[in-house]
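**Student:** Protein chains in written order, with our numbering: chain A, 1 to 336; chain B, 337 to 649; chain C, 650 to 994.
Check before you lean on any hint, since a few could be wrong.
Okay, derived cross-link-like pairs now, BS3-like style, lysine-lysine, Cα gap no bigger than 25 angstroms in a straight line [what the hints assert, rightly or not]:
(1) Lys202/A - Lys796/C
(2) Lys79/A - Lys547/B
(3) Lys130/A - Lys547/B
(4) Lys786/C - Lys796/C
(5) Lys538/B - Lys136/A
In short, the hints are calculated from the structure, not lab data.
Here is what each chain is made of, one letter per residue.
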Amino acid sequence: MSDLVLETKNLVKHFPLTRGVVFKKQYGAVRAVDGVNLELRRGETLGIVGESGCGKSTLARMLVGLETPTSGDLFVQGKNMSKVGGEERRRGRRNIQLVMQDPYTSLNPRMTVGDIIGEPFQVHPDVVPKSQRRGKVQELLELVGLNPEHINRYPHQFSGGQRQRIGIARALALNPEIILCDEPVSALDVSIQAQVINLLEKLQNELGLSYIFIAHDLSVVRHIADRVAVMYLGKIVEVGTEDEIYESPTHPYTQALLSAVPVPDPTLRGQRDQIVLTGDVPSPADPPSGCRFRTRCWKAQDICAEQEPLLQIRDKSGHPSACHFAEVRDVVHATE
Amino acid sequence: MSDLTSAGTAVGGGPVGGDGPVPNQPATGGKERSASLWADARRQLMRDPVFVIAFLYILVVGSMAAFPWLWTSQDPRDCNTNRSRLSPSAEHLFGTDILGCDYYAHAIYGARPSMVIALMATVAIVVVGGLLGLLAGYHGGWVDTIISRVMDIFFSLPFLLGAIVFLTVIKRQNIWTISLVLFLLAWPTIARIIRGSVISSKDLDYVHAAKAVGARNSRVMFRHILPNAIAPMLVYATIVLGSFVAAEATLTFLGVGLQPPAQSWGIMISAHQVYFLEDPWLLLFPCGLLVGTVLSFILMGDALRDALDPKFR
Amino acid sequence: MSSDVNVKLDALPGADPNALPLQVKDLHVEFRTRNGIAHAVNGVSFDLRAGETRAILGESGCGKSVTAQAIMGILDSPPGFVTGGEILYRGVDLLKLPESERRKVRANRIAMIFQDALSALNPVFTVGFQLAELFRKHRGMSRQDAKARAVELLDLVKIPAAKQRVNDYPHQFSGGMRQRVMIAMALALDPEVLIADEPTTALDVTVQAQIMALLAELQRERNMGLVLITHDMGVVADVADRISVMYAGRVIEEAGVNDIYASPAHPYTKGLLESIPRLDLKGQELSAIKGLPPALTNIPPGCAFNPRCRYAQEVCRKDPAPPLYQVSPSRTAACHFWKEVKGDE
């Protein structure tokens with residue numbers, strides 16, 4: 001149990017839709033995250049995948065404290081963050097740090113790299129004594145593979161990949177145990193992407209970090225994640241080890257998602273099981289009844305509209321899936 | 337994999353360091369700098385000839401306003417109708433006006449009211465407009481609603497008409513009342529600029545990043561949000577200084593601004609408008625000074641905008 | 650789509666129907682900026698056959714989009730200038746045509762779709778109006794006929810309820826549907842060549858699959874040449890026939906799709922392939938290419954890739970840049986050591 005560094009129980013975030021300026025009246029809600037249960041163990045990487053609008057970014061913002069959950073609980077090392085207050089909460093928060101997607105907007109252009117990476121020390125003055133902060137910042141720069149002498153430069157003097165390293169150094173400043181990476185490589189060029197992924201893996205090995213890795217690129221997630229959760233319209237539809245999700249997916253959405261990812265191997269052209277979904281993702285303000293995927297699902301029956309499928313182990317594949325008709329289908333490899 | 341690759345990936349590729357020129361570096365970025373953005377901006381401005389010329393011009397006009405006796409030993413009120421409307425000469429650089437006063441001295445002493453009015457009104461709109469804009473943008477909700485509605489009301493007043501009506505009604509046309517009317521009619525613009533920039537900064541990634549490391553509101557506000565608002569405010573204030581100098585002259589010309597025996601460029605223009613055909617210099621000198629001042633302020637504002645944008649460096 | 654309206658288009662003087670629909674020869678483009686001259690494209694050549702898909706693969710700043718803009722004649726000029734080379738449509742050098750002729754070619758023979766459909770469509774007109782406008786301008790159709798054709802086109806790109814949606818504004822469409830609208834606009838006048846600049850980069854994977862399938866189908870039906878500009882090695886493997894890999898404004902490798910993926914002959918191509926994780930492989934090691942692409946204002950002498958290359962020798966650091974060596978009858982690579990690169994599996 002002590003192995004569990006982070007856990008969420010039925011985490012929900014609804015954004016109210018209101019009318020009127022002075023007298024606000026709520027007429028609905030965008031159900032961005034609608035009851036998510038996650039577990040993260042020490043030293044592991046949990047990948048969260050899904051398409052835009054599935055709620056993965058809102059989930060990330062709740063985990064790092066940028067957004068207050070509408071309901072549900074977030075446990076960091078066994079402590080319920082919504083129950084503890086003041087100092088203990090700040091300490092808990094300190095344990096989860098964030099690496100953002102866009103290396104161009106996530107660094108304040110008016111601050112030097114030293115000030116950016118050193119900002120967490122000013123916010124939490126007890127972590128590193130003032131006299132040692134500059135040295136610590138330079139250590140961090142070196143740790144992420146940047147030249148410590150560049151401490152006085154501005155972000156615009158760095159390339160995208162180097163900026164992402166600065167963002168990673170900032171996230172490491174407070175010695176957190178958990179790093180939440182929100183699409184950390186999707187804004188980078190292919191050749192730079194691998195550098196950053198390798199850096200993240202190296203840091204995990206050296207510092208024993210746990211990662212929550214949110215991405216829409218399923219290939220990257222497969223590479224880095226130990227376990228993977230697939231989200232659709234605010235809910236987790238399937239969760240399992242990397243092997244279980246990629247080799248034997250059981251939820252139709254997971255299967256469609258995986259089959260849509262092109263594999264960089266022309267000999268596989270036309271050899272894989274292709275599922276082309278029709279239609280668009282429904283609005284999270286008005287999700288379908290029952291199973292949320294049913295409007296685009298080729299397996300949908302009456303029961304899918306009436307009864308919401310729970311995320312539970314359903315067949316011999318041995319991992320939870322939220323589909324009444326869960327069954328394994330290999331969509332990643334050539335069919336023959 | 338060959339070992340050369342793993343050398344490259346040991347630190348994940350790392351900075352280019354020794355093995356080639358560092359790309360994506362602006363020409364000036366090579367050397368180490370610990371200077372702040374403001375120092376960089378100053379350095380860039382001092383290299384910009386347009387800014388330097390405009391700045392020198394404003395310095396000249398400013399010193400005319402502050403220390404007119406440095407520029408002329410003549411008394412602009414020492415008039416003699418015998419020498420009415422003399423052409424420019426060594427003795428009277430700008431000639432003399434209709435009443436036979438030295439026109440150059442008048443022009444020098446006329447700088448003060450224009451500059452004082454523009455300065456007072458600008459300081460007032462920056463302080464009041466800036467504060468209200470900040471409040472509206474940062475708090476949002478009903479605070480924003482109220483401030484924005486008040487701004488809308490002031491916006492709906494036509495500038496010239498509003499000023500004329502106001503000054504006509506209160507019947508006291510001095511430096512104070514003119515500054516007041518310019519302030520009243522212009523503060524919403526700056527408040528709106530600040531409000532907009534605060535609102536857009538509130539949602540910036542690096543503001544979220546600061547919050548995610550646990551930064552408190554005051555830190556987020558002053559370290560990350562306000563600096564974004566200061567640059568556009570400074571730029572606008574510089575430009576507005578120029579337009580207030582012009583506005584003062586306009587109101588005076590229309591007869592609702594400063595009144596003789598006060599001395600200002602506006603009075604010079606309005607008093608001599610009818611002599612343009614016979615003695616054009618009576619109009620050209622004050623108009624030239626006025627246009628030069630307004631233009632200088634606007635050019636300074638433009639240069640400032642470029643200098644304060646970190647992306648241009 | 651009908652060919653009845655295409656009659657008056659065949660008036661381009663010198664056009665040879667048997668020549669290739671698109672041929673780019675030694676194209677040079679530079680940008681004259683405050684910080685110096687950026688050499689965005691430095692001698693790019695490629696051919697495109699009818700019905701063929703040519704992928705131009707490269708990372709941001711390699712010059713692939715600039716090449717497309719130069720072909721279309723929509724380069725921002727200044728600061729961009731085509732400083733050399735030829736762009737041949739059916740044997741006619743487009744760079745020598747007057748702007749009025751060029752415009753006709755642009756709309757009718759060579760069309761383009763962009764990454765960001767929202768900014769490529771005019772937000773203040775309905776998509777139906779924008780489509781109809783094309784027919785009225787270029788085909789002189791009546792308002793009614795044009796509108797009917799607009800609906801047909803939306804049907805063609807599989808937009809559901811095309812009759813109603815034709816009256817919608819671009820922002821009322823989802824990302825994928827908007828991309829379909831842009832494809833419809835590009836195909837409206839039956840072009841022989843379609844240039845697609847990162848057409849699916851902004852889209853989710855499931856939508857990307859839909860759009861690529863649609864493009865492939867339309868291409869097959871019309872025997873249209875497709876220039877696909879992208880950085881996505883997966884998409885390229887799925888759809889391309891031939892590939893030109895670009896780096897720092899040059900084509901550094903050119904080959905058929907199977908050759909490139911099976912045995913890359915340039916270290917950069919090889920590095921790219923080794924640096925991308927694969928969906929169907931578990932726990933493979935990623936070997937990153939060290940360093941960064943050069944600034945286009947400051948391209949290193951010799952081979953532009955030499956500071957990042959593990960094969961680099963003294964000869965690679967000296968001008969001239971390596972020429973395109975003939976690796977096999979149908980492929981070329983701009984590397985002095987292509988034999989080692991290719992053999993070093």
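**Student:** Confirm or reject each hint.
**Tutor:** Hints, one by one, checked against the model:
1. In summary, the hint linking Lys202/A to Lys796/C is not supported, as the alpha carbons are separated by about 59 angstroms, beyond the 25 angstroms threshold.
2. Between Lys79/A and Lys547/B the CA atoms are separated by roughly 21 angstroms; this keeps the pair inside 25 angstroms, and the hint holds.
3. For the hint pairing Lys130/A with Lys547/B, the CA-to-CA distance comes to about 21 angstroms; that is within 25 angstroms, so the pair holds.
4. Only pairs whose Cα atoms come within 25 angstroms are accepted, and Lys786/C paired with Lys796/C is accepted, the gap being roughly 13 angstroms.
5. For the suggested pair Lys538/B and Lys136/A, the alpha carbons sit about 29 angstroms apart, so the restraint of at most 25 angstroms is broken.
Figure legend: structure checked against the earlier numbered hints; hints not met, in rising order: 1, 5.
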